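Protein chains in written order, with our numbering: chain S, 1 to 249; chain A, 1001 to 1313.
Hints are computed from structural coordinates only; laboratory data are not their basis. This one's a predicted model, so the numbers in the text were calculated from it and none came from an experiment. Watch out, some of these pointers could steer you wrong.
What the hints assert, rightly or not - Straight-line alpha carbon distances no greater than 25 angstroms define the calculated DMTMM-like cross-link-like pairs of lysine to aspartate or glutamate that follow:
1) A/Lys1210 <-> S/Glu236
2) S/Lys227 <-> A/Glu1041
3) A/Lys1279 <-> S/Glu236
4) A/Lys1011 <-> A/Glu1170
5) S/Lys193 <-> S/Asp81
6) S/Lys20 <-> A/Glu1115
7) A/Lys1310 <-> A/Glu1170
8) S/Lys169 <-> A/Glu1115
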Amino acid sequence: MKILVTAKRVIDYNVKIRVKADQSGVETANVKMAINPFDEIAIEEAVRLKEKGIATEVIVVSMGTDAVQETLRTALALGADRAIQVQTEQELQPLAVAKLLSALVAQEMPRLVIMGKQAIDDDCNQTGQMLAGLLQWPQGTFASQLVIEGERLQVTREIDGGLATIALKLPAVITTDLRLNQPRYASLPNIMKAKQKPLAIITPAQLGVDIAPAWATLKVTSPLTRKIGVKLNSAEELVAKLNDLGVLP
Amino acid sequence: MILVIAEHDNKHLKPATLNVITAASKFNEDISLLVAGSNCEKVAVQCAQIEGVAKVILADAPCYEHQLPENLSALIVGLANSYHYILAPATTFGKNFLPRAAALLNMAPITDVLEIIAKDIFVRPIYAGNALATIQLTAAIKLLTIRPTAFAAAHTLQASAPIEKCALVENTELSTFIKEELTQSVRPELSAAKIVVSGGRGMQSAENFKHLEELADCLGAAVGASRAAVDAGFVPNDYQVGQTGKIVAPQLYIAIGISGAIQHLAGMKDSKTIVAINKDPDAPIFQIADYGLVGDLFEIIPALITALTKLKQ
Ligand SMILES: Cc1cc2nc3c(=O)[nH]c(=O)nc-3n(C[C@H](O)[C@H](O)[C@H](O)COP(=O)(O)OP(=O)(O)OC[C@H]3O[C@@H](n4cnc5c(N)ncnc54)[C@H](O)[C@@H]3O)c2cc1C
Ligand SMILES: Nc1ncnc2c1ncn2[C@@H]1O[C@H](COP(=O)(O)O)[C@@H](O)[C@H]1O
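Could you build all of it, start to finish, from the sequences and the hints given here?
As structure tokens, this is what we get:
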């Protein structure tokens, strides 16, 4: 079984982002970039399925400028077999990404697509669900456990009330939650080997997909900051303050 | 015309739906509320009493029992043509099916709407809420998930809106429900609680969380946690507050043994009053706390319980 995984290049989760003064967006120049953490989990899961002999090939896709090739090399070092860059300089919104992936699925015919539940830059949490819809495939979102038995996939999902378990018919789309696995680090030999692995480049036009954005960002602003608080000396003092505020039951 | 999708468990309406109705009312169009489930007429009756709801649509069929996204989005596509807006709460329920329905309609959905500026202009958080994007959406049908904490809850009325039965049965048979393990708690629900007490890695163990729960019970509070506490297995996953967990905005949020990573702050920084308890005076959580106590949580929690008990007497 072939597995397709996705890897978005995002600002590293440790970076404190800065909104540009002209409100046109977030400062990305000279900022540390990384693979979206949920996508790292997706890659790890696919690689483990390969190590278990369930998957035969893991293909990783990233979309964007040539900078995403670095992201793809990281994914290859983590164990993906080959990479595809969907090359564009244009802004990509989730519906366009889902359509591009849908076109790639038609070419590559994977039985399983594993994606992150959310990109930590746009925080949309949409693309996997949209891809599943476009393909008319079942979806297992926010997955914390996957069990594959033949043509049936059992998925445990993290939901607001606890956990839900569903069964899906393959082919299917999965999106990962934080506790699905603990991604490995790429070893030095694997980083070297990744340089030799195939990386193909394709454009949205070649895939026949219109990537025109559906929304325009009018401005990006900083949220209101809270005023600096005070440090208190004891539990009694805190309880008295909260009582004065009227927030205690 | 606006279609709101109700979140419920076939018996009770989930409170987040009330916040979505308030958001929907900003558009000044008729609001229909869809209740899709199985043997869920009771929910439809509750929905009919919400202020601002013009009509309840009841889709009652076994294939909707667990609101599987494949069936639910097929149902929504069947109804979509009469509507300009389709809204759902930005919960794991809403986020699961709404983007799928949008893709089937070839529309781009918007996640986590915080503010409705105009009929096509919305504000939503990006980068864990460290930036706010104001966006203009051109889609003919606007599918939005609404962040419940950003809108007040709609009131319920004595009068009741008509309930219309919908005969559409969309059973895709793509997925099946196996089981649900829901965290049982006598405490208020995390995302709707007035007071939340959260613990982090500093709590050290599941056993120690019992002290924190005792404090929560003194306050009638819900219990939350950081990702680190959930990953370590101290508490279940549904306790996680943050960018990728639950968003809360209670009157009072008490963070205990939590450092204050941006991913955690994203889930609680809109709380009215924030209290931080941490032994590290430089922990980032103190930068957003209204009140801070520097010290060992294992001493401070019992002292707080004592002080609160004294106050009550
Ligand atoms: C993709 C992604 C998504 C994430 N999503 C979330 C999310 O939704 N929610 C979330 O919370 N995190 C999330 N995180 C994790 C986040 O980055 C932090 O790692 C996490 O919030 C840290 O949890 P913590 O504060 O409990 O632990 P730590 O950072 O280890 O802090 C523990 C604190 O406890 C204090 N402490 C220890 N012992 C005591 C004591 N005896 N008395 C008093 N204080 C004590 C320490 O001083 C320290 O400040 C995410 C991370 C990633 C990469
Ligand atoms: N440009 C991209 N390249 C590769 N994968 C992407 C891209 N954009 C989104 N994705 C995938 O879609 C997931 C969800 O993204 P989003 O819906 O934007 O939160 C991410 O975790 C990625 O797996």
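query: Where does the structure disagree with the numbered hints, that is, which hint numbers, in rising order?
result: Those not satisfied are hints 2, 7, 8.
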